[in-house]
Each structure stands twice: as C-alpha cells, then as structure tokens.
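Peer 1: When you get a sec, could you build the whole thing from the sequences and use the hints?
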Amino acid sequence: MDNIRLKSVNWEHGMLLTPEHFLRQEHYVESLLFWNIGYLTTGSGLVGGGVRLPASDLGAVRHDPTVVLEEGPETLSLSISKCRGLTSSGWIVEIEEGSVLSERFAKEQLAGVAEAIVYVICDLSEKQKIEGAPDAFNPQMKTERTFSYRIALDVTAAEKENAIAVARLRRPSAGMHYEKDPQYIPPCVSLSAYSELTSGWREIMEAVNHLAAGYAELHRAMREFLVLFTERGIETEVDRDSLNFAERMVMVLQETAYQVLDRKQSPESFFGSIRKLLHQAATFFDLAPGMQQYYETLRETGETELIALIEIQKHTLQTGRTLRLNDDLGVELRSALQSLGVLEKLERALEGKYIDFRRSPSLEGMNFIFDRQGKVLYKLAAKPSRVQGVVDELTIFFSQLRLEGRDRYRLILVGDRNQPYPRGTTISAEIRLNEGSGFRREAIILQAEAKLDDQYNFELDFEAQDVPTITDVRVTVQAYHAIHTALLFTRHRFFAGRTFDSQSASQSSGRASEPATVWPDDLTATRFGARENNRLDPSGFDESYSAAATVRSRGDVSSRAAEYAKTQTSTDRAQAVDAGDTLPPWSPRKREDDSGANELDSATSRPRRRRLE
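Here our numbering runs 8 ahead of the position in the sequence shown, where the first position is 1.
Take these hints with a grain of salt, some might be off.
Said to hold, decoys possible - Simulated crosslink set (DSS-like; lysine-lysine; CA at most 27 Å straight-line): (1) Lys135 <-> Lys90; (2) Lys90 <-> Lys137; (3) Lys272 <-> Lys90; (4) Lys168 <-> Lys135; (5) Lys284 <-> Lys272; (6) Lys137 <-> Lys150; (7) Lys137 <-> Lys15; (8) Lys115 <-> Lys188; (9) Lys188 <-> Lys90; (10) Lys284 <-> Lys322; (11) Lys391 <-> Lys353; (12) Lys391 <-> Lys459; (13) Lys168 <-> Lys137; (14) Lys387 <-> Lys459; (15) Lys115 <-> Lys168; (16) Lys353 <-> Lys284; (17) Lys150 <-> Lys90; (18) Lys387 <-> Lys353; (19) Lys135 <-> Lys150; (20) Lys168 <-> Lys272; (21) Lys168 <-> Lys188; (22) Lys168 <-> Lys90; (23) Lys135 <-> Lys15; (24) Lys353 <-> Lys322.
For the record, the hints were derived by calculation from the structure and aren't laboratory data.
Peer 2: Below is the structure:
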C-alpha cells in the first residue's frame, strides 16, 4: 500500500509535456483503483472466472491456473499460464491464456525440501514492455506496458503481500521426483474461484442437507416414541434430553442449509457457518446428559467407535472461536467433512433406538439395531462378501465367519429406497449354513411380512442349535423383489444381574461404616441376590447370616428385632427383578407403584423366628 499516491498532474495550465507527466498520471489512475481494492475489500487469492459467469460455468476446471512441471537432471522448470488473482495488498495478478510465465530452479536449492508452495509475485518496481496493438507512427517500439510477474518457491514476508499461491510441489515418500499435490487448494476469493473448492462445497452442502433431513425424521420418530410410552405410564425423562437435542439440531441445520447455498460467497463466510454449526452441535450435546448416558451404554456393549466421537464433541466445545482459515483450503474441506460425518454417526446411533429398522434409510451404515419395544439389542455380525444374481434368484453370501450356532440371529433384507412395500407384503428366503464345509445341511425356509406401511427392510430370525460354529451363510431370495443386499445381526442380551450388582454396590458403600450385622431386610436382600445367581443354600439361610447371628446374644437380638419390625415400612422392602423382562439400561422405566411394594412380604422371604430367639 506504500505505492499508492493519490496526487495527479496539474493540467490546469499549459506546459511543456514530457513522458514523465504521463507516467505520473498513469500511476495516479492505478492508485485510485488499488485504493478501492485495498481499503474496501477483504478477499485475496485466486479469482478464477469471476462471480458474474453463468451458473453452469462457475467453478469450471478451465478457469483454474495451468501449472506445468518439468524435472531435469539438475533443474526444475515451472510454467504458469491462465492465472488470475488478487494479492493480499490489493494488487492484480493477470496472466492471460496466450502468455506463459516460466522459471527454472536448481535442485541444489531444494535439497531437503519435502514441500514447496508455488507463488506468482507481482513486481511493483518496474513494468514489462510487450508487443501490443500496432502503431503505424512508431513501428520500432513496443506499444504496451504491463505489470511484471515472476515465479518463486520461497518468499519473504514483504514479497508474500504482493504474491498469490497457485500450487504446491511435494516429494513423495516413496520417490525422488517432485510432483503437484492434488489435494492442495490455494487461497481463493470465492468458492467458485477453484474447481476443487467448488467440488468440496457441493459435498458439504449435500452432507448438511442429508443431516437436516435425517435429524428431522429422527425428531418425528422421537415424538411418536414418547407419545407411546407416556400413554403406557412409562417414565421418559431420559428420552426428553434426546428429543431436545434433535429439535435444536433440526433448527440449526435448516438455518445452515440456507447459509451454504451461495457458491459466490467467500471461504471465510462459508467455513465460518460450518464452524458455527459444529460448535452449536457440541454445545447441544453437552446439554443432554441423558443422551450421553445412552451413548455410554452403547460403548459398554462394544461400540468403541462412539468413544472417539464423544471426545471429538468435547474437543470442539473447548476449541476457541475463530474465522482464520488454513493457507491450504483442502485441509478445511476435509476437516469439515469429517466433522459432519461425526454428526451423522451420532444421528445413526439415535436412529437405532427411535427409528424402526424396517423403515430406516441408513440401515447399511449402522452397527446395531433393536426393536421399538426396547427389550432386545442386535449387533452387526457380518456384511455380505458378495451378491450374485442367477436367472430369477438373488444369492447373498456371507463368508469367513466365526459365529456360535447357539446364539440367536436376525437376517435383515435391505430393500430399495425408491420402492417401499405396502403392509402385508411377504418375502420368502432360503438360508443355508456352512455350505463350504462339504456337508450339506437342510435349508432353513423363512418368511417375512411387512408390518408397516411403506416398509423397506424385512427381518428373518433364526438359530442353529445343531451347528457348533457358523463359518458361512448363503441367502437366496427371488430376484423380482427389490432387495439389493442383506445384513446379519446377532442378539445381545442385557442381564438383570448387572442392575442388581450396581444397586448392591451402592448399598454396600453406604453401609461400610456400620457393624457387620445382618437385619431382617438385609437377609431378604441377601437371600434374593443368592436366588438370582442360583447360589441359595439348601437350608434356606445364608452362611453370613448364621455366622453373624451366633455372635450376638439372644436377648439383645430379640429386642432389636422387635424394635426394627415396628419401624419397618413397606417402601423399604426389596423389589423383585425379573431377569426375563429386564429392559436395556437406556430404556424408559415404569413408575413405581405403591400397590406392588408388598409382593416380597411372603413367608418364604422372611427369616424364621426360631433363628432369632
């Protein structure tokens, strides 16, 4: 900006003219232009074809700068043509398609350099004289002057203000020769200034629209879920956190979807909107502790991928807010797509709970499913190794398996998203196990029926008690059904012992400072826990109770037992847990009913009186 001089030649009076007067006037006109660009605009970098092109030409490859690399034994040659940009100080870089800018570098100068940015520097100290429009009165001189440009691989801070980056050279780890880095995207004035940046914009816009549609569908399914359980009197406090999270995500995603529509906006504005979306999503996630408990439960079942996803959300929340971008816009693109993929995986995890897998549009990307009743969780066991169509049959192969035959399995036939099935449609499938072992077993013929309107996926449950180990599965369906693949899931059980053990641990930690004596309610809980674990003593008494009873005197025990019986209330009695009907830890629980508090007050669960006398 030091070269801007807003002082023109005084043309008010007649005077003797020299070439110096015209050069000063030319510099004044240029200063007016660069003053407006330097002080009134913020963008810098490649311009491409500009923002006034037709929509079909915005971001076209033919507007990208052409960089040609030629490597010799001792030198490295670079040629640049068709380059248009704006430096950070406001100077114009214009290399027309017909002209070529070339430079040669000695390899000795690049010794030990793995990456190098290719810059085009605008030299403000002199202008280059070129052949232009013919001048009949001055045929011996060059008729036009233009800015002087040169290519550099290493620039100083002062030169960088008057330069633009057009490419990056790299030396592969497995080679000795330099090449252009295809993943590098130089700084640009707008999203349409470079073809790779425009392509990344399309991917991010599609990802945002996909997320907006997915979270909207998830929110509708959550509302149906809560209505069903509220009508049945089941507690849904944990699920309300998930509903609030989905509702907030729908609103912010819809807003972001409109903000990223304009491809003529600057990269700072575009990536600023994406960063705002990611930071808001991390904040919403932090404000939903009940939903985090659901993800924690999935992690304990083996979904270790969720650990990294949750840590990414915590890291995003702790990251400071900034609009500064990386000099390589390709890094920003990949980071944005990866972060949006994290939000998609979190949404799929919620889909497994609230959206019926029979209607799920993203079933192929999920690692678990469970029924809407919430009692059984199915984990992904295998994906098909190949799908083969023969005549009028479609055969799906699962190979290289190591599954136990005693487990229960669910095979889901995945249908086409564009051809939903009406309620009542039936599909038959033939399942053969371990065909590659040489022993041909009898085929399992199963039939699935569409239980919902507009259903896409069909489930087939089977088990093979007579097969020790399942090594391969072959599934055959009729080809006229719109089935394109299948997924094999195995049943994951949640045991009541886990819930009881956690309760026992909390009770034992709270009573650590009390004497080692067993009162009647402790005896009931002890005998109940033993019954659940099949460790009940045949005599009907626990050894710890017998040992503790012999320590105390008979009169002391009788008086204290009588006093305890008077203060004992029905709400303090142990609650029976049915292991067969136990829900997963994330599932809503039924509200406690006072009428069922006395179910354990039976003769079999009370200590015998003669033991206390």
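Peer 1: If a hint holds in the structure, say so; if it doesn't, say that too.
Peer 2: To see whether the hints hold, each was checked on the structure:
1. Proposed proximity of Lys135 and Lys90 is supported: the alpha carbons are some 19 Å apart, at most 27 Å.
2. Restraint check for Lys90 and Lys137: the C-alpha separation of about 19 Å stays at or below 27 Å, so the hint holds.
3. Restraint check for Lys272 and Lys90: the C-alpha separation of about 21 Å stays at or below 27 Å, so the hint holds.
4. Proposed proximity of Lys168 and Lys135 is supported: the alpha carbons are some 19 Å apart, at most 27 Å.
5. A threshold of 27 Å between alpha carbons decides the hint, and for Lys284 with Lys272 the separation of about 19 Å falls inside it, so the pair holds.
6. As the CA atoms of Lys137 and Lys150 are separated by approximately 6 Å, the hinted pair is consistent with the 27 Å bound.
7. The suggested pairing of Lys137 with Lys15 holds, with an alpha-carbon distance near 25 Å, which does not exceed 27 Å.
8. Straight-line distance between C-alpha atoms of Lys115 and Lys188 comes to about 16 Å, which keeps the hinted pair within the 27 Å bound.
9. Taking the CA atoms of Lys188 and Lys90, the gap is near 17 Å; set against the 27 Å cutoff, the hint holds.
10. A C-alpha spacing of about 15 Å is found between Lys284 and Lys322, which places the hinted pair at or below 27 Å, so the restraint holds.
11. Using a Cα cut-off of 27 Å, the hinted pair Lys391 and Lys353 holds, with the two alpha carbons roughly 18 Å apart.
12. Distance check on the hinted pair: Lys391 and Lys459 sit about 24 Å apart at the alpha-carbon level, within 27 Å; holds.
13. For the proposed pair Lys168 and Lys137, the alpha carbon gap of about 24 Å is at most 27 Å, so the pair holds.
14. About 22 Å separates the Cα atoms of Lys387 and Lys459, which keeps this hinted pair within 27 Å; it holds.
15. Under the criterion of a C-alpha separation no larger than 27 Å, the hint pairing Lys115 with Lys168 is consistent with the structure, at around 23 Å.
16. Distance restraint check for Lys353 and Lys284: the Cα-Cα separation of roughly 19 Å lies within the 27 Å cut-off, and the hinted pair is therefore satisfied.
17. The suggested pairing of Lys150 with Lys90 holds, with an alpha-carbon distance near 23 Å, which does not exceed 27 Å.
18. A threshold of 27 Å between alpha carbons decides the hint, and for Lys387 with Lys353 the separation of about 16 Å falls inside it, so the pair holds.
19. Between Lys135 and Lys150, the direct Cα distance comes to roughly 12 Å. Compliance with the 27 Å bound is thereby established for this hinted pair.
20. For the proposed pair Lys168 and Lys272, the alpha carbon gap of about 25 Å is at most 27 Å, so the pair holds.
21. The suggested pairing of Lys168 with Lys188 holds, with an alpha-carbon distance near 21 Å, which does not exceed 27 Å.
22. Note on Lys168 and Lys90: the hinted pairing holds, with a Cα-Cα distance of about 20 Å set against a maximum of 27 Å.
23. Only pairs whose Cα atoms come within 27 Å are accepted, and Lys135 paired with Lys15 is accepted, the gap being roughly 20 Å.
24. For the hint pairing Lys353 with Lys322, the CA-to-CA distance comes to about 16 Å; that is within 27 Å, so the pair holds.
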